[in-house]
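First to last, the sequence lines map onto chains A and B.
According to our numbering, the first sequence holds residues 1152 to 1562 in order.
According to our numbering, the second sequence holds residues 329 to 445 in order.
Treat the hints with caution; some may be incorrect.
Simulated restraints, written as ranges between beta carbons of each label pair [what the hints assert, rightly or not]: (1) A:P1350 - B:H353: 13 to 23 Å; (2) B:W387 - A:D1344: 43 to 53 Å; (3) B:L344 - A:E1187: 48 to 58 Å; (4) B:T383 - A:E1388: 12 to 22 Å; (5) A:M1225 - B:E395: 41 to 51 Å; (6) B:I378 - A:M1225: 50 to 60 Å; (7) B:H353 - A:L1551: 26 to 36 Å; (8) A:D1234 - B:I378: 40 to 50 Å; (9) B:R391 - A:E1469: 40 to 50 Å; (10) B:H353 - A:P1218: 44 to 54 Å.
Partner residues are not named here, just some residues of chain B that face chain A (Cβ under 10 Å, in silico) [unchecked claim]: (11) G358; (12) T361; (13) S367; (14) R394; (15) K398; (16) G401; (17) L406; (18) R408; (19) T410; (20) N411; (21) T412; (22) I415; (23) P416; (24) K418; (25) K426; (26) A429.
Honestly, the hints are just simulated from the structure, not real lab data.
Since the structure is predicted, the reported quantities are computational estimates derived from the model, not experimental observations.
In this text, a Cβ means the ideal position worked out from N, Cα and C, and glycines have one as well.
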Amino acid sequence: MKKLLVLGAGTAGTMIVNKLRPRLGDEWSITIVDQEPEHHYQPGYLFVPFGTYQPSQIVKPKKKFIPKGVDLVMGSLTRLDADQNVVELADGTVLEYDYLVIATGATPRPEETEGMKGDQWQENVFDFYTLEGSSALADKLRDWSGGRLVVHISELPIKCPVAPLEFAFLADSYFRDRGNREAVEITYVTPLDAAFTKPVAAKRLGTMLEDRGITLEPDFYIESVDNETREIVSYDERRIPFDLLVTVPVNMGADFLVGTGLANDLNYVSVDHETCLSKKKDNIFAVGDAADLPTSKAGSVAHFAIEIFTENFLQHVEGQEMTHRFDGHANCFVESGGGKGMLIDFNYETQPLPGKYPIPGLGPFKLLEETELNHLGKLMFKWVYWNALLPGRDLPLPALMSMAGKEDVEA
Amino acid sequence: MLKHDSNEKGGRALSLATIAGHEVHVDDEGFMTEYDEWSEDLGKTLASNIGIEMTDDHWNAIRFLREDYKSEGVTATLRRVTNTGGIPTKQLFQLFPKKPAKKMAYIAGLPKPVGCV
Ligand SMILES: Cc1cc2nc3c(=O)[nH]c(=O)nc-3n(C[C@H](O)[C@H](O)[C@H](O)COP(=O)(O)OP(=O)(O)OC[C@H]3O[C@@H](n4cnc5c(N)ncnc54)[C@H](O)[C@@H]3O)c2cc1C
């Protein structure tokens, strides 16, 4: 019997066991480990603060998505010994493997920044990268009369790097709908030198901030949160005052990866960017947010990467050369408020460009442009996620990015 | 000064530039692209291009970046220069004001740190 062990039953781990179970024969056992019984639809966290979704609408039991023939083990991973091919759980259980897939994702770590989890935490300092955080923020926003709202990114990379921009756009729209937009001053603070990384999208998104009267503060690398004066303080001693801070804390991979020699300073597993195979071990892959791929940490990326990974994995375990190459394809809907959204599509080499998706010339989705249909696409994604993505069904979208339908423009 | 001799790579135009009398490969933002074309002499010129005069503290950071790149194959992040290189982030902001990660990579002749997407 050959043993495949998958760590983490989130977006990536769940898709992987659903893809691989029917493809691996009876001589393979598959085990998947997770510490939380519930699967969260994380893109939904963005909408909870504004009351669009209730927490109960974005949570389902993990068990429901694990296919027959796969053992789901509940427990918290505390140790991985990549030389002995074993992992250990908090209760002392030891699991062995022949092949390991690390899919333990990334989590927000407010405690990494001095003062972030001080006495203002969940009073006037919030995050929306956990269900707990976004629910607490919903309560706060409901009664908030206005003031200085600062939307902030601590350090990159973060999951879904457009989410904080979306938060700023939705906040603008939320206060407009409530008729008190003038009472709110919105500032967007980022360690990047513009609204986004890639030039064409950065320019477009920068204009969208401007149009909404949102001030951009670039190149801000946070050192601490001053709970006394209610300011965020940067390493070069800039201070930005807030009445309400909505921050994205430092994101990091799982702690059991520390000291394994497999991961970088933020606990992301170093992998070959085309195959997701560990750079250190020939029987370990890392997929999804847990990997150090230089592309967005997003569910869509995990989905495209897994199409490629599945074929490669089957070749690799047969001792064949892996012939499929992942290109970093990402495809993200960006909520822009007022019932509209935008879509961006890019990979390692090509930045987000305008055009139509997925069918060149026809769309129906428009790239880098705000439309109502793009917004519907984003809402529809929840259904697609639960019903097609997690169960590992094939979606009619190519895994690799295509230039067809895109316009090559200058920033 | 810029001679366009080569192709598109990673969406970036590569060209040849002359720095301190040496012909070297750079990308469209002037970051050197060939690890072995760099020397401390070149580093000094690159630094003065962006208004930085190199001191021992500056070299300390740049040498760490060079060594680390050799073993890791990627440009170290600020977090890594602090955690592994032992140089406090605050000091990096004093030495290379405003955009230390980008400025250090530029002087060290390394690829711009992947702005994460
Ligand atoms: C606010 C927000 C908005 C987003 N919006 C979008 C979007 O619009 N589109 C998009 O494509 N993506 C979006 N994402 C990103 C998307 O949710 C993630 O990229 C995706 O879930 C990554 O999947 P994963 O399997 O790598 O990690 P996860 O789904 O996070 O799964 C990791 C699993 O590992 C488990 N685990 C971790 N550590 C341990 C341990 N020590 N022991 C046991 N189990 C452990 C966790 O319990 C979890 O179940 C968003 C994310 C956030 C936070």
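Going through the hints against the structure:
{"no.": "1", "hint": "A:P1350 - B:H353: 13 to 23 Å", "result": "21 Å, holds"}
{"no.": "2", "hint": "B:W387 - A:D1344: 43 to 53 Å", "result": "25 Å, violated"}
{"no.": "3", "hint": "B:L344 - A:E1187: 48 to 58 Å", "result": "54 Å, holds"}
{"no.": "4", "hint": "B:T383 - A:E1388: 12 to 22 Å", "result": "21 Å, holds"}
{"no.": "5", "hint": "A:M1225 - B:E395: 41 to 51 Å", "result": "43 Å, holds"}
{"no.": "6", "hint": "B:I378 - A:M1225: 50 to 60 Å", "result": "53 Å, holds"}
{"no.": "7", "hint": "B:H353 - A:L1551: 26 to 36 Å", "result": "28 Å, holds"}
{"no.": "8", "hint": "A:D1234 - B:I378: 40 to 50 Å", "result": "45 Å, holds"}
{"no.": "9", "hint": "B:R391 - A:E1469: 40 to 50 Å", "result": "45 Å, holds"}
{"no.": "10", "hint": "B:H353 - A:P1218: 44 to 54 Å", "result": "51 Å, holds"}
{"no.": "11", "hint": "G358", "result": "15 Å, violated"}
{"no.": "12", "hint": "T361", "result": "15 Å, violated"}
{"no.": "13", "hint": "S367", "result": "28 Å, violated"}
{"no.": "14", "hint": "R394", "result": "18 Å, violated"}
{"no.": "15", "hint": "K398", "result": "15 Å, violated"}
{"no.": "16", "hint": "G401", "result": "9 Å, holds"}
{"no.": "17", "hint": "L406", "result": "7 Å, holds"}
{"no.": "18", "hint": "R408", "result": "5 Å, holds"}
{"no.": "19", "hint": "T410", "result": "9 Å, holds"}
{"no.": "20", "hint": "N411", "result": "5 Å, holds"}
{"no.": "21", "hint": "T412", "result": "7 Å, holds"}
{"no.": "22", "hint": "I415", "result": "12 Å, violated"}
{"no.": "23", "hint": "P416", "result": "9 Å, holds"}
{"no.": "24", "hint": "K418", "result": "5 Å, holds"}
{"no.": "25", "hint": "K426", "result": "6 Å, holds"}
{"no.": "26", "hint": "A429", "result": "9 Å, holds"}
The structure does not agree with the numbered hints 2, 11, 12, 13, 14, 15, 22 stated previously, though it agrees with the rest.
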